[in-house]
Amino acid sequence: MRRRSKTFVTVVIAVTVYLLWLCSSGSRSAQFASNLGWIRPHYYKLGDPVQIIVNKVESDVTHFPYSYHDLPFVCPPSAGKKPLHLSLSEVIRGDRKWESDYKLEFGKDEPCTRLCDRRTQPDGLIRADEMIQQGYVAHWLIDDELPAATTFISTKDEKKYYASGFPLGHTDLTTGKSYINNHVMLVIRFHSVDVNKHTIVGFEVYPKSVSDARCPGASKNFEHFEIDTAAKEPILIPFTYSIYWREEFKVDWANRWNFFMNSGELENSKSTQFHWISLANSFIVVGVMTSIVALLVTSSRQEETVSSAARSLSVQSTPLLIHLNLACSVGVHFMFSMLGSLIVSCSLSKLHNVRNSVISVSLLFFVVGAYAASFVGSLLSPLSETSLGMSVVFGSTLPAITLCILLILNCVIWAKDSPNALPFGTIILFIAAYFVLCIPLSVLGGLGARRAKQSVQKGTVQDESKSQRFFLYRIKYENAWNGSGATRTLVPARKETGSVILRNPLFLSLAAGAPPFAVIYVELLFVYKSLWLEKTSFYYLYGFLLANLTLLCIIVSEVSVIICYLTILHKPQVDLEVTKRQDANYPHRLALSWRDCFTPFGVWRMSKSFFVTMNYEFNIAFARWRWKAFFAGGSVAFYFMLYSLYYLAFVLHLRDFSSILLFVCYTLLFNALCWCGFGCLGYLSCCWFLDSIFQYAKEQ
Numbered sequence: 001m002r003r004r005s006k007t008f009v010t011v012v013i014a015v016t017v018y019l020l021w022l023c024s025s026g027s028r029s030a031q032f033a034s035n036l037g038w039i040r041p042h043y044y045k046l047g048d049p050v051q052i053i054v055n056k057v058e059s060d061v062t063h064f065p066y067s068y069h070d071l072p073f074v075c076p077p078s079a080g081k082k083p084l085h086l087s088l089s090e091v092i093r094g095d096r097k098w099e100s101d102y103k104l105e106f107g108k109d110e111p112c113t114r115l116c117d118r119r120t121q122p123d124g125l126i127r128a129d130e131m132i133q134q135g136y137v138a139h140w141l142i143d144d145e146l147p148a149a150t151t152f153i154s155t156k157d158e159k160k161y162y163a164s165g166f167p168l169g170h171t172d173l174t175t176g177k178s179y180i181n182n183h184v185m186l187v188i189r190f191h192s193v194d195v196n197k198h199t200i201v202g203f204e205v206y207p208k209s210v211s212d213a214r215c216p217g218a219s220k221n222f223e224h225f226e227i228d229t230a231a232k233e234p235i236l237i238p239f240t241y242s243i244y245w246r247e248e249f250k251v252d253w254a255n256r257w258n259f260f261m262n263s264g265e266l267e268n269s270k271s272t273q274f275h276w277i278s279l280a281n282s283f284i285v286v287g288v289m290t291s292i293v294a295l296l297v298t299s300s301r302q303e304e305t306v307s308s309a310a311r312s313l314s315v316q317s318t319p320l321l322i323h324l325n326l327a328c329s330v331g332v333h334f335m336f337s338m339l340g341s342l343i344v345s346c347s348l349s350k351l352h353n354v355r356n357s358v359i360s361v362s363l364l365f366f367v368v369g370a371y372a373a374s375f376v377g378s379l380l381s382p383l384s385e386t387s388l389g390m391s392v393v394f395g396s397t398l399p400a401i402t403l404c405i406l407l408i409l410n411c412v413i414w415a416k417d418s419p420n421a422l423p424f425g426t427i428i429l430f431i432a433a434y435f436v437l438c439i440p441l442s443v444l445g446g447l448g449a450r451r452a453k454q455s456v457q458k459g460t461v462q463d464e465s466k467s468q469r470f471f472l473y474r475i476k477y478e479n480a481w482n483g484s485g486a487t488r489t490l491v492p493a494r495k496e497t498g499s500v501i502l503r504n505p506l507f508l509s510l511a512a513g514a515p516p517f518a519v520i521y522v523e524l525l526f527v528y529k530s531l532w533l534e535k536t537s538f539y540y541l542y543g544f545l546l547a548n549l550t551l552l553c554i555i556v557s558e559v560s561v562i563i564c565y566l567t568i569l570h571k572p573q574v575d576l577e578v579t580k581r582q583d584a585n586y587p588h589r590l591a592l593s594w595r596d597c598f599t600p601f602g603v604w605r606m607s608k609s610f611f612v613t614m615n616y617e618f619n620i621a622f623a624r625w626r627w628k629a630f631f632a633g634g635s636v637a638f639y640f641m642l643y644s645l646y647y648l649a650f651v652l653h654l655r656d657f658s659s660i661l662l663f664v665c666y667t668l669l670f671n672a673l674c675w676c677g678f679g680c681l682g683y684l685s686c687c688w689f690l691d692s693i694f695q696y697a698k699e700q
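With the UniProt record's numbering applied, the sequence shown has no gaps in its numbers, which climb one by one up to 700 at the end.
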């Protein structure tokens, strides 16, 4: 008990240090640093200065945002303005916040103010034309986190809605000419709490393109400022702005984000009703599947042949067992990070800078998940004492792979000179966090699993009946190859009985992945739209997403159990084990000298031998129930990948190769992690299913 308490205290200390670090890095001032990111209302009095923060520009047709002040055709910051300190979440999002030269006094209107005359070089004009053609929008902030918004009226319910950001300009579709928005009319809406106690609840920007330095006001009869890409000499672009303050009586500070919700596509009541109907359909699908699984479990416990088969299958080993356990540990790490951060996000209804907190909480669960991944991976290991090296592999593989892929993609982003590229200091911080946090937590998880195994085997657990209820403590393998000189046993390739779905991994993925994908499809539409299609929109339906993910996990487990039951029914009567030396079909390794390894022919022969061997062992492994259950659980990721490719081909309008590459790499990484996560869930569900059948027969 003392050892366990020490381990728990160590984990708590590590988590506390991480939280303190996030709190210190995420706070820009003491005013907004309380309660781990919770923002309190900032009350203004008439005449108080109000700061506008300029951030970045981004487009829906490319994945490369840019800092607003780095654009060669907008007003540069004056000497007294400086960039703001960014939190880790803001750095990851690619924010580049600067103080601006827009002068605002609370409650004081400014009909027309001249900002600057930007002397723009010809290459800057070409850059402006390209960015306007690509639909780039500028992101500004007021009152610390409230974004500047473009206002529009919904045709459904005739209510006002906001879209974050405003366009840099517009394009005449008939002539193809671009016009820059060099004048902005700023309408700041405030809510009065008391006398000289006001809060800002809206920041509306109405951009216009004006050919001279005169402010157009409400007039529509003015010429636009055309971007002349054929100009050989620098051109002066005048920038002006006007400010108007308007009181908002119906919306207070706590509800100021309501304007950004729903985007006016559906009425609020119909939008909520749509999600409820989708959730009800998911409940029906899960209910039907649960009834089927309940009947299977009940009937399986009554059949003696199924019970005996379940016992033999539960201890049956498989080739590529270490690969399976590694994939399961990665899956546990991913599921812990995803579900943990999502559960916390659902409680952030009053958290206004929700994006900062979601990213911070996700990073926290991502780090702490190393302990859970190492613990589960070590429990699944066939050895009674898993080495600390394997524990580190189980717990640190996911952060290592993710970090390597992100660093490679970061080079692509850096080549585009985009602020989405992580700074060198942040990269060093991530690498240091990997060695300081992930690896020690992985070691602690391995030690915890080792002590749990030893306690169960020696019978030293105080409440042994409760410990024995955890089915992972009872996992055993017969004829498992542990690399210590034991004979490795394999099943010779043979024609498998049963349905073609059970014999073919592709057909199994298509059949087993359809019901889970039907459950999550609707929420997937909204998530993809918010992440990739309309980046100026906000996804806020975390409750519905969590509910659908919970149902998705349930139906993944149930589909895997059904596949496992069908495997029991079609299990061959004779299951001969032969060593690889006795199997004439086993592809033996090539005997090559070290010189041959560096020749093209030698490399080709080694590659061919490797893939032939892996294909042979995979065919044998898939004939066993363990890999079959893993494939059944992770099959929903196959549909995720197909949907991602469909979204790329028919929905997104990405124009450059780099953006397409980033989309494919990000979605491929996410879908691979989903395959590991849901595959692990399906595999562990089948382990529980077989163990419950055997334990019930044992009790009877």
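Please keep in mind that the hints were generated in silico from the structure rather than gathered at the bench. Be careful, since some hints might not be right.
As the list claims (entries may be wrong) - Restricting the straight-line Cα-Cα distance to at most 27 Å, the calculated cross-link-like pairs of lysine-lysine (DSS-like) are:
(1) Lys-197 x Lys-232
(2) Lys-177 x Lys-108
(3) Lys-220 x Lys-177
(4) Lys-416 x Lys-177
(5) Lys-416 x Lys-453
(6) Lys-108 x Lys-160
(7) Lys-535 x Lys-160
(8) Lys-698 x Lys-476
(9) Lys-45 x Lys-108
(10) Lys-416 x Lys-535
(11) Lys-232 x Lys-535
(12) Lys-103 x Lys-232
(13) Lys-535 x Lys-159
(14) Lys-177 x Lys-232
(15) Lys-220 x Lys-250
(16) Lys-220 x Lys-197
(17) Lys-250 x Lys-108
(18) Lys-177 x Lys-45
(19) Lys-220 x Lys-159
(20) Lys-159 x Lys-529
(21) Lys-103 x Lys-45
(22) Lys-160 x Lys-197
(23) Lys-250 x Lys-160
Unchecked claim - For each label pair, taking beta carbons as the anchor points, the in silico distance ranges come out as:
(24) Leu-510 x Thr-298: 24 to 32 Å
(25) Trp-604 x Cys-404: 35 to 43 Å
(26) Thr-290 x Val-436: 40 to 48 Å
(27) Thr-174 x Asn-504: 49 to 57 Å
(28) Lys-81 x Arg-40: 48 to 56 Å
We put the beta carbon where it would ideally sit given N, CA and C, even for glycine.
A quick look at each hint next to the structure:
Taken as a hint, the Lys-197 and Lys-232 pair is broken in the structure, with Cα atoms around 53 Å apart against an allowance of 27 Å. Note on Lys-177 and Lys-108: the hinted pairing is violated, with a Cα-Cα distance of about 37 Å set against a maximum of 27 Å. Note on Lys-220 and Lys-177: the hinted pairing holds, with a Cα-Cα distance of about 19 Å set against a maximum of 27 Å. Among the hinted pairs, Lys-416 with Lys-177 is consistent with the structure: their alpha-carbon atoms are about 25 Å apart, no more than 27 Å.
Taking the CA atoms of Lys-416 and Lys-453, the gap is near 51 Å; set against the 27 Å cutoff, the hint is violated. This hinted pair checks out: Lys-108 and Lys-160 have alpha carbons roughly 24 Å apart, not beyond 27 Å. Among the hinted pairs, Lys-535 with Lys-160 is consistent with the structure: their alpha-carbon atoms are about 19 Å apart, no more than 27 Å. Proximity of Lys-698 to Lys-476 is assessed by CA-CA distance (about 16 Å); at most 27 Å being required, the pair is judged to hold.
The straight-line distance between the Cα atoms of Lys-45 and Lys-108 is roughly 11 Å, inside the 27 Å bound, and the hint therefore holds. Restraint check for Lys-416 and Lys-535: the C-alpha separation of about 19 Å stays at or below 27 Å, so the hint holds. Taking the CA atoms of Lys-232 and Lys-535, the gap is about 35 Å. The hint is violated against a cut of 27 Å. For the hint pairing Lys-103 with Lys-232, the CA-to-CA distance comes to about 34 Å; that exceeds 27 Å, so the pair is violated.
A hinted pair counts as satisfied when its Cα atoms are at most 27 Å apart, and Lys-535 with Lys-159 qualifies at roughly 22 Å. The hinted pair formed by Lys-177 and Lys-232 meets the criterion: a straight-line CA distance of about 17 Å does not exceed 27 Å. Restraint check: the Cα-Cα separation between Lys-220 and Lys-250 comes to about 30 Å, which exceeds 27 Å; the hinted pair is violated. Among the hinted pairs, Lys-220 with Lys-197 is inconsistent with the structure: their alpha-carbon atoms are about 36 Å apart, more than 27 Å.
With a CA separation close to 22 Å, the supplied pair Lys-250 and Lys-108 stays within the 27 Å bound. Between Lys-177 and Lys-45 the alpha-carbon distance is near 45 Å, which puts this suggested pair outside the 27 Å criterion. The straight-line distance between the Cα atoms of Lys-220 and Lys-159 is roughly 24 Å, inside the 27 Å bound, and the hint therefore holds. Taking the CA atoms of Lys-159 and Lys-529, the gap is about 22 Å. The hint holds against a cut of 27 Å.
With a CA separation close to 16 Å, the supplied pair Lys-103 and Lys-45 stays within the 27 Å bound. At most 27 Å may separate the alpha-carbon atoms for a hinted pair to count; Lys-160 and Lys-197 meet this at roughly 25 Å. For the hint linking Lys-250 to Lys-160, the alpha-carbon distance of about 13 Å falls within 27 Å, and the restraint holds. Distance hint check for Leu-510 and Thr-298: the Cβ-Cβ separation is about 29 Å, which falls inside the suggested range of 24 to 32 Å.
Remark: the range hint 35 to 43 Å for Trp-604 to Cys-404 is contradicted by a beta-carbon distance near 27 Å. A hinted range of 40 to 48 Å for the beta carbons of Thr-290 and Val-436 is consistent with their spacing of about 44 Å. For Thr-174 and Asn-504, the Cβ-Cβ distance of about 55 Å falls inside the hinted range of 49 to 57 Å, so the restraint holds. For the pair Lys-81 and Arg-40, the beta carbons lie near 26 Å from each other, so the given range of 48 to 56 Å is not met.
Checked against the numbered hints listed earlier, the structure breaks hints 1, 2, 5, 11, 12, 15, 16, 18, 25 and 28; every other hint is satisfied.
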